[in-house]
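Engineer: Single-letter residue listing:
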Amino acid sequence: MSDVAAFFHMGGYAAYVWPSMLISLVVLLANVFISRAQYKRVLRQTAQRARAKAESSTTGAKNQNVKS
Amino acid sequence: MFKWIHRFGSAPFVYRLAGLLGPWVGWLCLIVMLVGLYLGLIVAPADYEQGESYRIIYVHVPAAILSMFVYVVMAVSSAVFLIWRMKLADVVAQASAPIGASFTFLALVTGSLWGKPMWGTWWIWDGRLTSELLLLFLYFGYMALRAAIEHPQSAARAAAVLAVVGVVNIPIIHYSVEWWSTLHQPATITKIGKPSIHPSMAVPLLLMIFGFQLLYLYIVLLRTRIGILQREARTSWVANLPEIESSGANRV
Amino acid sequence: MTSDKSALQSNDTAEPLTVGILSLLTCIIKREWLVAFRNPGQWVNPLLFFVVVVSLFPLGVGPSPATLASIAPGVLWVSSLLAVLLSLGTLFDADYADGTLEQLVLSGQSLPLIVLGKVLVHWLLSGLPLLLVSPLLALLFNLPVASIPVLMLSLLLGTLTLSLIGSIGAALTVGLNQAGVLLSLLVLPLCVPVLIFGSSAVLAAASDLGAGGQLLILAACLLLALALAPLTAALALRIGVSGTR
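Protein chains in written order, with numbering that gives the first Met the number 0: chain Z, 0 to 67; chain R, 0 to 251; chain Y, 0 to 244.
These aren't lab readings, by the way, just hints derived from the structure by calculation.
Don't be surprised by glycine CBs; every beta carbon is placed ideally from N, CA and C.
A couple of the hints might just be wrong.
Said to hold, decoys possible - Here are some chain Y residues pointing at chain R (derived, C-beta under 10 Å):
1) 67
2) 69
3) 138
4) 141
5) 143
6) 167
7) 180
8) 185
Let the hints inform the model, and build the full structure from the sequences given.
Structural biologist: So, in structure tokens, the structure goes:
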């Protein structure tokens with residue numbers, strides 16, 4: 000048996016070792032991607048709200064970022 | 000002397016710090032985990048008794064350790080929030096709950112996958128597995144309470160009380176479950192039987208634990224930014240953030 | 000919460016009404032007793048629930064006396080745990096709905112004591128009936144007669160602890176929709192030690208072993224809960240009442 004095949008065979012325990020690794024990978028990546036997606040969503044919502052607020056309040060002075 | 004601690008009460012400072020640290024922590028986490036997996040899955044020898052199946056240890060043990068560590072972090076920051084009304088502490092507690100629950104779930108699933116070849120069955124009411132299951136229920140309770148209360152301030156404080164109550168109870172629950180499992184099945188099989196673990200196995204294990212911790216840190220930093228944005232959405236410093244301006248420009 | 004408190008203090012700085020600890024406790028107990036007595040469903044329903052659930056088990060697992068005797072401690076304990084939690088859902092709800100709870104929180108009296116009084120009355124009306132009816136059910140389940148005193152003693156210590164732990168959950172979920180299910184989700188994991196030591200005390204007594212150790216641990220749990228639960232529940236009540244839900 001070649002080295003690679005032996006590695007994937009895991010001494011007969013492949014059916015337990017690889018699912019463990021796979022599910023760990025899925026859970027960890029899900030954590031990362033769900034959090035990142037949520038961050039982007041919240042950024043977008045906040046930006047929309049800030050834009051709406053700026054448009055309603057600064058009708059006279061357009062295109063001026065007022066620093067507070 | 001402790002003047003620097005007050006800076007952590009400032010939302011813009013924490014938001015920028017979290018944004019600055021995030022990528023570094025993320026890349027370090029990836030490197031540590033890849034090295035840990037390489038050493039653990041390829042370099043380390045097979046176990047004398049358990050053969051190759053012991054390699055599940057490299058995900059099971061870090062997940063189990065982190066599941067408890069995250070609950071303690073959550074409870075400590077909840078206590079800080081209740082006592083000093085530090086909003087950042089609540090953000091951290093809220094950010095920790097889902098990732099803690101997912102680590103607990105992972106520890107249960109990998110424990111079960113390890114149990115099948117070792118014990119011959121998917122599930123044993125062994126002390127450690129049972130405690131882990133109850134810990135998962137505690138996480139669910141925290142998130143459910145938080146979701147059930149609409150008013151954000153009340154939700155944060157009620158959930159904080161629950162987290163502190165939980166952490167006081169965890170040792171009692173753990174020891175009673177241990178006692179109960181030894182009562183009902185005298186021949187408990189301990190998973191990490193050997194008192195001393197060979198360095199070739201210990202080094203990757205420690206690396207994986209460190210990697211899981213870095214991942215937790217990465218997620219908490221990211222979710223802390225989300226929490227700050229949500230809480231401070233109406234302030235001018237948020238409106239003036241460069242990423243807010245660019246994100247708004249993309250949309251319209 | 001701080002703003003509420005300061006407002007309260009500025010209102011009655013003239014002469015705060017102070018009541019002694021015991022008279023406050025008896026006052027609360029009398030009031031609760033009266034309220035509960037006029038609403039019998041509050042204490043009859045948990046008892047009926049307990050009896051019905053316990054009687055369903057033989058139908059589920061079969062009538063063999065040996066099987067029933069071996070599962071009896073667990074069945075009796077899990078059923079009483081559920082019955083106590085089910086009745087706890089309404090511990091603060093009526094008072095919350097009609098505004099009494101807010102008055103109690105703002106009264107300036109010791110809130111933990113008020114909670115303790117309410118929990119004691121609640122236990123007298125829900126835990127004690129379970130305790131009194133449990134010998135009959137134990138006989139239905141073929142438990143040895145000699146183990147019945149231990150069963151009752153463990154239920155005495157255990158249900159009181161459960162009422163105290165549950166009061167924290169009831170205070171956290173006060174005024175919420177579907178508080179009952181949420182309460183169970185929050186409190187059940189915390190009740191595991193009581194369940195373990197309670198049922199194992201009965202199991203030990205049924206197999207002629209001493210149950211002293213388990214009963215002592217139950218007593219220790221009760222003392223711990225008696226010291227900490229009213230304080231925590233009072234904190235949770237303040238949070239629930241101060242915020243608009």
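Engineer: Hint by hint, note whether the structure agrees.
Structural biologist: Each hint tested on the structure:
1. Interface restraint check: residue 67/Y against chain R, minimum CB-CB distance 19 Å, threshold 10 Å, status violated.
2. Proximity of residue 69/Y to chain R is violated relative to the hint, the smallest CB-CB distance being about 12 Å (cut-off 10 Å).
3. Interface hint status for residue 138/Y: violated, as the beta-carbon distance to the closest one in chain R is roughly 26 Å, over 10 Å.
4. For residue 141/Y, the suggested interface contact is broken, since its CB lies about 21 Å from the closest CB of chain R, more than 10 Å.
5. Interface restraint check: residue 143/Y against chain R, minimum CB-CB distance 19 Å, threshold 10 Å, status violated.
6. The beta carbon of residue 167/Y comes within 6 Å of a beta carbon in chain R, closer than 10 Å, and the hint placing it at the interface holds.
7. Interface hint status for residue 180/Y: upheld, as the beta-carbon distance to the closest one in chain R is roughly 9 Å, under 10 Å.
8. At its closest, the beta carbon of residue 185/Y sits 4 Å from a beta carbon of chain R; the interface hint therefore holds under the 10 Å criterion.
Of the numbered hints stated above, those contradicted by the structure are hints 1, 2, 3, 4, 5, listed in ascending order.
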